[in-house]
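**Q** What follows is each chain in one-letter form.
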Amino acid sequence: MPVKPEHIIAKVIAVAVLVLAVSAPLITLDEALADGSGSGDAVLTVESLVHATVAGDTVLEVRASVSPTLATVGDRLILTLTVLRGFDGALAFPRVVGEVAPFEVLDVIIHATDEHVGSASERRQYVLTAFETGDLSIPSLAFHYVSPEGDTAVVHTDALVVTIESVIPPEEQELRPSPRDIKPPLELRRRVWPAIVIAALIAAALAGLFYLRRWLGSRRREDLEPEAEPETRREAAHIAALSRLRELERGGLVGQGELPRFYLILTDVLRRYMLDRFSVDAVDMTTKELASVMHGADLAPGDEAWTLDLLAYADLSKFARHVPSSERAHGDLVAVRAFVERTRFRELSESKGEE
Amino acid sequence: MYADIKAIGERIELESGFVSTLLSEIDKVIVGQSYMVERLLIGLLADGHVLIEGVPGLAKTLAVRTLSRAIDTDFQRIQFTPDLLPADLIGTLVYSAESGEFTTKKGPIFSNLILADEINRAPAKVQSALLEAMQERQVTIGSETFPLDDPFLVLATQNPIEQEGTYPLPEAQVDRFMLKLRVGYPSRDEELEIMERMSTGKEPVASPVVSPETILKARELVREIYVDDKIKQYILDIVFATREPSAHGLDMDDLIAYGASPRASIHLIAAARAHAFLQRRAYVTPEDIKAVAMDVLRHRVIITYEAEAEELTSEDIVQRILDNIEVP
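So the protein lines, in turn, are chains G and X. Per my numbering, the first sequence runs over residues 15 to 369. Per my numbering, the second sequence runs over residues 126 to 453.
Among these hints, one or two may not hold up.
[Unchecked claim] Below are the DSSO-like pairs computed for lysine-lysine, each with C-alpha atoms no more than 30 Å apart in a straight line:
{"hint": "1", "chain 1": "X", "residue 1": "Lys357", "chain 2": "G", "residue 2": "Lys302"}
{"hint": "2", "chain 1": "X", "residue 1": "Lys153", "chain 2": "X", "residue 2": "Lys342"}
{"hint": "3", "chain 1": "X", "residue 1": "Lys327", "chain 2": "X", "residue 2": "Lys342"}
{"hint": "4", "chain 1": "X", "residue 1": "Lys250", "chain 2": "X", "residue 2": "Lys231"}
{"hint": "5", "chain 1": "X", "residue 1": "Lys153", "chain 2": "X", "residue 2": "Lys357"}
{"hint": "6", "chain 1": "X", "residue 1": "Lys342", "chain 2": "X", "residue 2": "Lys131"}
{"hint": "7", "chain 1": "G", "residue 1": "Lys302", "chain 2": "X", "residue 2": "Lys355"}
{"hint": "8", "chain 1": "X", "residue 1": "Lys131", "chain 2": "G", "residue 2": "Lys302"}
{"hint": "9", "chain 1": "X", "residue 1": "Lys230", "chain 2": "X", "residue 2": "Lys250"}
[Stated by the list, open to error] Quick partial rundown of chain G residues pointing at chain X, CB under 10 Å, derived from the structure:
{"hint": "10", "residue": "Asp172"}
{"hint": "11", "residue": "Arg204"}
{"hint": "12", "residue": "Pro208"}
{"hint": "13", "residue": "Ser232"}
{"hint": "14", "residue": "Met299"}
{"hint": "15", "residue": "Phe333"}
Derived by calculation from the structure, the hints in this document are not laboratory data. Since the structure is predicted, the reported quantities are computational estimates derived from the model, not experimental observations. All C-beta atoms in this analysis are idealised placements derived from N, C-alpha and C, irrespective of residue type, glycine included.
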């Protein structure tokens, strides 16, 4: 079966993608190492090698190295811990995260255990960084090993010293003030009293507005209430009524047959007299409404019945086109005049005199 | 002329007998609420729709249902809900697979008496469909227009509390109701009687005592009731006072945002005629106007924020106007 060229190209691309994918962690680690050489110096490694023996046999060998040994603040350093131990024993790696101050652990790479005849090799790499300058030390780390027979061994690595330099060139460091000398933020003294006073003023203003609104509302309601009738109107009520009755009589509406108009004026005179003399708001009331409030007025029972009869009869003339006789109209005029005369306001002395 | 009015009066005496029969039949079911029942009759006689507002349990729905039973007419109760659609109300076109044609399926609005229960619970499009039918007295389904039955009366209820999840009727649509009633609680004695009636375990039901023809005949008579020019002027005084209070000696310009519409005058005169009919009178007096003015105007006078801030309602404003406009 012939191999097609496109199959070859596809295979080449697939292999290339696979190589790139496999090499990706290596690149990451290389990048970390490259970052560590940010200062431009050659990558140097400091290393410590320690071992432990049990019953004269070497059962644990620990190699700790850090690279590079010279870096600037923020650069990445690689701490590599390689352990060669007895095959059957159990090993406890030291806790590194949080234990290597002033360094910070950015990442951890745990490699697969490499098994040999009678022994096993384990390797872990830690990506570190530091934000302090000077000769900084990665402290001694303790490895615990327990052999199959129950013998224990502890190995402490040596402290590893790394020099961290500032990003500011040495010649400029003297000129720039240290950021550590920046003063902390000033703590403002809390003034409580002004806040209390302002809050009290706001509360007082709000309460004032509330009561002002209520007061205005009550005033408006009072304004809407009908005004109290002045005493003078009460005293002069009959004068105005009698004057208008004289005018009505002189007008001759009865003779002209304009009886609805006659009754309109006659009842208006009567209603206004009731309003002025007895403070009964007859002007704005219907006959039925008037009947319900006249009990409270200072009227004789006979006058009350007579008034309502007249108003009901006048309603027929005003609203139902009923034409009363001239005699009836004239009689009603006389009756209203007599009612006004009978009920007009009298001073106490005048009343006694009449008696 | 007075003879004509007298003649109408005699006809009213003869033909208004059904009113007392109807009231006594309703009275078998409804205890008290005479104000509401009388207003429902006014709506029926004046051919005007009625909106009833009151807290739950005041027999709003029962009163309307009883009225419809006593009149022996078609009655439909439509519970307005948020998921109601206009087609549920007016009807729709239904495809018939057998004939391959669309046929019209009329909705419940094709009835004499409609109870639109809790009208403010349905969305605006449904309210709009109902209110359009109320105004036009006809419904268009597809391309065909159908006239509604006569008498056609919508009695809607709404609850003034629990406003969450409701769709308040816009002013323009509320204006189409002739009367807006505000129903109150029964008195102590009335409530005692309600308890006694309801504890028997047998709910009283009204019997049909009046035919729709009688109502239609009474309506014609109501339209003949005499309204004097002085009464017409009095109506105009009241309606115009809601628009220009200061021109009528009332210091309320800043309390009224919008006054009553011309529809208010039309409905006021119609309702006053119906009220006079119920009083067996052949002419309208200022008493008739005052009796119905609050129900005609309370939903048509829109108050300002200032009035609201002063805790005044449209009813306060209308009452002030009625108290201060001179009676002829």
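**Q** Honestly, which of those hints from before does the structure not fit?
**A** Of the numbered hints, 3, 5, 10, 11, 12 do not hold.
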